[in-house]
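Colleague: Quick mapping for you: the protein sequence lines, in order, are chains A and W.
According to the numbering used here, the stretch in the first sequence is residues 54 to 164, in order.
According to the numbering used here, the stretch in the second sequence is residues 1457 to 1610, in order.
Note that these hints are calculated values from the structure, not bench results.
Just so it is clear, the structure is predicted and the values come from calculations on it, not from any experiment.
Treat the hints with caution; some may be incorrect.
What the hints assert, rightly or not - Cut-off 35 Å, straight-line C-alpha distance, at most; resulting in silico cross-link-like pairs (DSBU-like, lysine-lysine): (1) Lys134/A - Lys1530/W; (2) Lys1541/W - Lys135/A; (3) Lys134/A - Lys1539/W.
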Amino acid sequence: MDYIILSVTILAIGIVGLVTKHDLIKMLIAIEMITAAATMNFVVFGSLMENSLGQAFSILALSVDACVTAVALALAIAIYKKLNIRDVRDLSEITETSSDKETQTVEEDQK
Amino acid sequence: MWLETVLAIGMVTSAVFAIYLKETVSSVLSLSTMMILLAVLYFNLNAPFAAIFQLALGTGTAAIFLLAGDSLTKKSDLKTSSKTKFVGLIVSAVLCVPVIVGTVATASLSASLDLSISSAIWEFRAIDVLAQGLVVLTAALGVVILLKEERRRK
Chain A
54 MDYIILSVTI
64 LAIGIVGLVT
74 KHDLIKMLIA
84 IEMITAAATM
94 NFVVFGSLME
104 NSLGQAFSIL
114 ALSVDACVTA
124 VALALAIAIY
134 KKLNIRDVRD
144 LSEITETSSD
154 KETQTVEEDQ
164 K
Chain W
1457 MWLETVLAIG
1467 MVTSAVFAIY
1477 LKETVSSVLS
1487 LSTMMILLAV
1497 LYFNLNAPFA
1507 AIFQLALGTG
1517 TAAIFLLAGD
1527 SLTKKSDLKT
1537 SSKTKFVGLI
1547 VSAVLCVPVI
1557 VGTVATASLS
1567 ASLDLSISSA
1577 IWEFRAIDVL
1587 AQGLVVLTAA
1597 LGVVILLKEE
1607 RRRK
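In isolation and in its complexed conformation, chain A is listed as follows (with noise of 0.2 Å):
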């Protein structure tokens, strides 16, 4: 139970970030954190019932955390490299500006 209640103050502490922060990058880490949290459990669940199929799927979940990572990273060059924005905010401006745009032209277009 202790174990647990660990992994969910780290989850809690990730989601926390994950909101709070709008950083590409510190939304990262808080992604890594919360998947961190989760891996443990597989941990902790297999240790504790004597069986080594916990740590395989950790090993599964650690692997695919890398990937995704990796990913996202490349995802947030992408888009500091063509827009210079590193903020999530500045992005769903820019969104919403685009998207107000384009029903303007298909309203100008339907008069």
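Given the structure of chain A, go ahead and fit chain W onto it with the hints provided.
Modeller: Structure of chain W alone, referenced to chain A:
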């Protein structure tokens, strides 16, 4: 018991630092500290393979990726509002408190299989490992395509 307590306190402290430190490099260092402590916890739980993978992938690779990402991009100076912080606390409480309050029935899971780590990976979950290879290759291809697209535009 004292080692586990020290590790837990260290992990939570470094996790908080990783989120709330202003400099990204310091945040990445705090995250790496948390991952190293997690690896020590795995060693303590008699899970050496998971600990070594945690050190190699969770600590080393993730830190290199994040530091590379930080050095390739420039940070903006916008600040987080207190409303957003409050929403974050509420969301995490809603998601996490039920898990702490509720009881976890581990007894029903106790019908375990007696497997070694190698047979668990290469025999019992062989299809997962193959699918994992596909995922890694797809991710590598995705990263190459994303970064090559930028070069073409330039």
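Colleague: Run every hint past the structure and note whether it holds.
Modeller: To see whether the hints hold, each was checked on the structure:
Distance hint between lysine 134/A and lysine 1530/W is fulfilled; the C-alpha atoms sit about 10 Å from each other, no more than 35 Å. This hinted pair checks out: lysine 1541/W and lysine 135/A have alpha carbons roughly 29 Å apart, not beyond 35 Å. Between lysine 134/A and lysine 1539/W the alpha-carbon distance is near 30 Å, which keeps this suggested pair within the 35 Å criterion.
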